[in-house]
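Listed in order, the protein sequences are those of chains A and B.
Residue 159 in our numbering is what sits at position 159 of the first sequence, and the numbering runs on without skipping anything.
Residue 230 in our numbering is what sits at position 230 of the second sequence, and the numbering runs on without skipping anything.
Derived from the structure by calculation, the hints contain no laboratory data.
There may be inaccurate statements among the hints.
Claimed, not checked - Beyond 10 Å from chain B on every Cβ pair, some chain A residues (computed):
| # | residue |
| --- | --- |
| 1 | R71 |
| 2 | H74 |
| 3 | G75 |
| 4 | V132 |
| 5 | L157 |
Claimed, not checked - Simulated coverage check for chain B against chain A, where a stretch passes if three residues somewhere in it have a Cβ under 8 Å from a Cβ of chain A:
| # | segment |
| --- | --- |
| 6 | 12-26 |
| 7 | 178-186 |
| 8 | 289-303 |
| 9 | 417-428 |
| 10 | 441-452 |
As the list claims (entries may be wrong) - Residues on chain B that point at chain A, a partial pick, calculated with CB under 7 Å:
| # | residue |
| --- | --- |
| 11 | M54 |
| 12 | G411 |
| 13 | V414 |
Since this is a predicted model, take the numbers as computed values, not measurements.
For every residue, glycine included, the Cβ atom is placed at its ideal position computed from N, Cα and C.
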Amino acid sequence: MPRSGAEAVIIPAPPAQRSRFVRVALPLAIATFVAWFAADAARASFTLENLVMVAPAAALAFITCTILAVRAWHGPEPDAAEPAPLGPVLAMLALLAGLVLLMEEVGFDVGVLLFLISATWLLGERRPLVLVGYALPFTVFAVLGLQAILPFPLETLVLRLP
Amino acid sequence: MIDFAALAQATSLLLSDWWPWVVVPPGLLIGLVFGAIPGLSAPIAMAVFLPLTMSMDFLPAIMFLTSVFTGGGFGGAVPAVLMNVPGTSAAVATTFDGYPMARQGHHSRALGLALAASCFGAALGYVLLLLLVDPIAEAVLLLGPLEMFAIAAWGLTLIAVLNEGSFAKGLLAGILGVVIGMIGMSARGDMRGTLGLLALLDGIPRIPALIGFFAASEMFRLMRNDFLVADAAHRRPQFGAILHGLREAFAYPGTLLRGSLIGVGIGAIPGVGAAVANLLSYAETKRRARDPARYGRGEPRGVVASESANSSSEGGSMATLLALGIPGGSATAVMLGAFAMHNVTGGPRFITENKDIVYAIILGNLAQVVLLLGIGTVFLFGAAALVRIPVRFLVPAVLVLALLGCYSITGTMVGPITMVACAGLGYWMRQNGYPVAAVVIGLLLGPAAEAELLRSIQLSGGDPAFILTRPIAMVILLLLAASLLYPLLRRRGARAGATPSARRDEARSESA
Chain A
1 MPRSGAEAVI IPAPPAQRSR FVRVALPLAI ATFVAWFAAD AARASFTLEN
51 LVMVAPAAAL AFITCTILAV RAWHGPEPDA AEPAPLGPVL AMLALLAGLV
101 LLMEEVGFDV GVLLFLISAT WLLGERRPLV LVGYALPFTV FAVLGLQAIL
151 PFPLETLVLR LP
Chain B
1 MIDFAALAQA TSLLLSDWWP WVVVPPGLLI GLVFGAIPGL SAPIAMAVFL
51 PLTMSMDFLP AIMFLTSVFT GGGFGGAVPA VLMNVPGTSA AVATTFDGYP
101 MARQGHHSRA LGLALAASCF GAALGYVLLL LLVDPIAEAV LLLGPLEMFA
151 IAAWGLTLIA VLNEGSFAKG LLAGILGVVI GMIGMSARGD MRGTLGLLAL
201 LDGIPRIPAL IGFFAASEMF RLMRNDFLVA DAAHRRPQFG AILHGLREAF
251 AYPGTLLRGS LIGVGIGAIP GVGAAVANLL SYAETKRRAR DPARYGRGEP
301 RGVVASESAN SSSEGGSMAT LLALGIPGGS ATAVMLGAFA MHNVTGGPRF
351 ITENKDIVYA IILGNLAQVV LLLGIGTVFL FGAAALVRIP VRFLVPAVLV
401 LALLGCYSIT GTMVGPITMV ACAGLGYWMR QNGYPVAAVV IGLLLGPAAE
451 AELLRSIQLS GGDPAFILTR PIAMVILLLL AASLLYPLLR RRGARAGATP
501 SARRDEARSE SA
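Construct all of the structure, not just a fragment, from the sequences and the given hints.
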């Protein structure tokens, strides 16, 4: 079917580009981490045996970080993924971090249940019955299953194997 | 080579009692389930079920444990293909092409390919073990730290092969993995990058880090989708496609054979095992391919290369266990525990005095591989239905299972904390085009390479001429150099052989 003229001239908007500071942040962060590690290793013992892998790895890392940072500063990277909204990812990461921090305090069972409900809600499920109907049996299965397998105790508030 | 009288005794030993056969199917199923859950693995399953074997005779006990080992060896491929989550470190390379196949709707076919390659690799490993159990064990004793370093270095070169995008990004990601892997107490006893924390003395736990980099960061990316497979028509598990994959694996006999032989050779070396074998096999297959650009985008040969190697390494690791009494990894260490529970000590004397039992174990394992083909096919049909679960339920469930799995590995919160930290870093790297697979390879192989290099320096007193006294190391390093140069020479040869017009076309397409 022939298209109308109005449809034919639609030009897709160019994809959003990351700022140059965002683009160079990762190679700089890696360079900082490697520099700190190499300095710490050298402080521990400045010998060939201790630095036989550390020194070449650090030298190579600095060279590649410099190349990548300069390249990223000058223009967009063709192999980078399309910029995606960071909000949901950061929220999920925060939920995971919260679960890790609270798991031993509130018990693995309560922590996992709360995480499953909030993460599923975050991903778009809004029906309360479905949220609980999914999270509750899964928590019981996962926590009791792990309790049965592990040779060491799992901190829980409610669920305990007889 | 083969002691036929002992072989006949072994056959009658296996056929005269039904117990060894009763324990195999549940063992395979347990292994498949434990292998398929990220964080859990065959060694954990074997450790959990080890007490059960107390009440069994020696042969059924070992048959049960080896069936868990065999099932677990393949089980890791299931989440690797379906979710880009290597169930075990032995399935890392399976994700490279298995997952892209799944995203294209070929998950059933990819799982079939993986199962067939696994069964072929494991079977070939055990056949070689049957024929060469004594020579394999003797050869292993000839390997020293320099040879181990050469093998680890070979695995590290995969970093260069892996990345389709910027070489510098792949290299930096690999170095980052090596550096993260060096955190903790070195082989020489120096504390590096521990921040004074006792929890970091043993270093960053590798499996939780691997799960974080691969699994969790992939889950963050998946959050934008409704289903793993976009096309609804492709979501149905297809039994026909699994069978098609099973047959298709045999269309790549060279890849199957190379992967299996690499697996047996690497698996026999204590402490190296399947985690290196799958990467090495993948690297070699991609390096030799006429069309390496297809790898990493859903190339069936990539799945076959990885799975044939990680499964055949099982036969290699059993060789050192039976012939030398040395466990090659955690699974064979648990098996050594079962040996001890039954007052059996592996080693040359055990082989000489109990050849019928050794043969019975090997024959039993060969039969297990055939059973795995049947049980695994049914298991895969169920597992392939995973792609029908909406992402909003799948992502939280996978994250919870991965987190609990990480806790079960370390027994402390260090595992889950590592997973979450690596998940965030992995997502950041993926978004910027850095291959997280290179980080994982560096993490797995870097510390091993450093420890072996250090031992070589200590043994040689720092004299470079030491290498001239180690012919096997020289051969491995020469093979490594040849495998690195081979693609370059072939490309140059192809260019020299091409007609001027074809060269002009190639140059034009490259500039485009």
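Hints, verified against the model:
1. R71: Given that some Cβ of chain B is not farther than 10 Å from that of A/R71, nearest at about 8 Å, it is violated.
2. H74: Fine: 14 Å to the nearest Cβ keeps A/H74 off the interface.
3. G75: The claim stands: A/G75 keeps its Cβ more than 10 Å from every Cβ of chain B (closest is about 13 Å).
4. V132: holds (13 Å)
5. L157: holds (16 Å)
6. 12-26: violated (count 0)
7. 178-186: Contact hint for the segment 178-186 of chain B vs chain A: holds, 5 residues under 8 Å.
8. 289-303: Violated: only 0 residues of the segment 289-303 of chain B have a Cβ under 8 Å from chain A.
9. 417-428: holds (count 6)
10. 441-452: holds (count 3)
11. M54: With a closest approach of 16 Å, the B/M54 hint is violated.
12. G411: Since the shortest Cβ distance to chain A is 5 Å, the answer is holds.
13. V414: Violated - the Cβ of B/V414 stays beyond 7 Å from chain A, reaching only about 10 Å at its closest.
Comparing the model with each numbered hint stated earlier shows that hints 1, 6, 8, 11, 13 do not hold.
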